[in-house]
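**Q** Heads up: the sequence lines are chains P and U, in that order.
Position 155 of the first sequence, counting from 1, maps to 155 under this note's numbering, and the rest follow consecutively.
To convert, take the position in the second sequence, counting from 1, and add 175; that gives this note's numbering.
Just so you know, not all the hints are guaranteed correct.
Calculated cross-link-like contacts (lysine-lysine; reagent style BS3-like; alpha-carbon spacing at most 27 Å) [claimed, not checked]:
#: 1; chain 1: U; residue 1: K249; chain 2: P; residue 2: K56
#: 2; chain 1: U; residue 1: K329; chain 2: P; residue 2: K36
#: 3; chain 1: U; residue 1: K244; chain 2: P; residue 2: K99
In short, the hints are calculated from the structure, not lab data.
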Amino acid sequence: MNRFLLPVGIFAALVALLGVGLTLNPREVPSPLIGKAAPHFELPQLHDSAKTFSEKDMLGKVWVLNVWASWCVSCREEHPVLLDLAKSGAVPIYGLNYKDRRPEGLGWLKNMGDPYQISAFDADGRVGIDYGVYGVPETYVIDKRGVIRYKRIGPLTTEIVKEKVLPLVQELGRG
Amino acid sequence: MAEPLVRALALAMLLAPGGWALAREAPPAAQDPVLEQRVMAISGELRCLVCQNQTIADSNAELAADLRKEVREKIRQGQSDREIIDFMVERYGDFVLYRPPFKATTLLLWLGPLLLLATGLTILFRRLAHPRVKGDVELTADERDRARRLLASKETGEG
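Only chain P is shown next, with the shape it has when bound in the complex:
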């Protein structure tokens, strides 16, 4: 009996280790941008190409930058969560319309509702590269000094908003 204890123990430990590994999401790569200044951009706005939007416009405010596209399936899933967050008025949400076409992006907002104060239009995805975007939707929380404090890759959920985004926004709003 005793001589089985060690191999079975090792096996159980291995199963536990691999089991934990299975629950992790390999797409959640820690972003090197957290704690760093939000990369600079100046892009035309989605609704009005004559006007621009830049991360500098937001200095002094805590805000959320959400990367979205009309072709992105998960954005559809995320959209109600963003609409709720916008309605709550807890934090202003700005959009980065990533590699989209203008009529399609505008059509999406018209059909599904527009949670964004402004959406910047990143047609070729260059700003997306600067923000390390690789799996739309992505969401950033940026503080008053323009530093990225949180990044979510993949759709926001009600739980994440409640447990991560809102507490962080509150904390940053005080500071």
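Using the hints provided, position chain U relative to the given structure of chain P.
**A** Chain U in isolation, oriented as in the chain P frame:
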């Protein structure tokens, strides 16, 4: 037989939540073969974050194509390989490197296999040096008798 299966799969894919639909056709390579070779060499060092087990050079994902374009432009601007790779690491982290750097957080990754090998060899050599079963086992008269009977029955094919 096959068709319902295909349909079921297609339906499952349609209904599956999430999904970062990003894959597209790879665009044709640019004209300059020397430049292109360098683009491919650098891209071969970078992981595509959409399909994580491919390099940017191998991947057909749209992001990989964009990043190859970015690499190409940076080469044209006269940046060194090092500068271009640093640019990617700044944005996507060490994970973007297909060959992870050797540093404190990756010690286990690099040394883990050696550690396992060393542990295995140690156990093996200990066992070889001090075998657990020592010498012959003395049988009692009863056991000897039983062994003889068992062997005999096997030879005659009875039991």
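**Q** Which hint numbers does the structure go against, in order from smallest to largest?
**A** Hint check: 2 fails alone, others pass.
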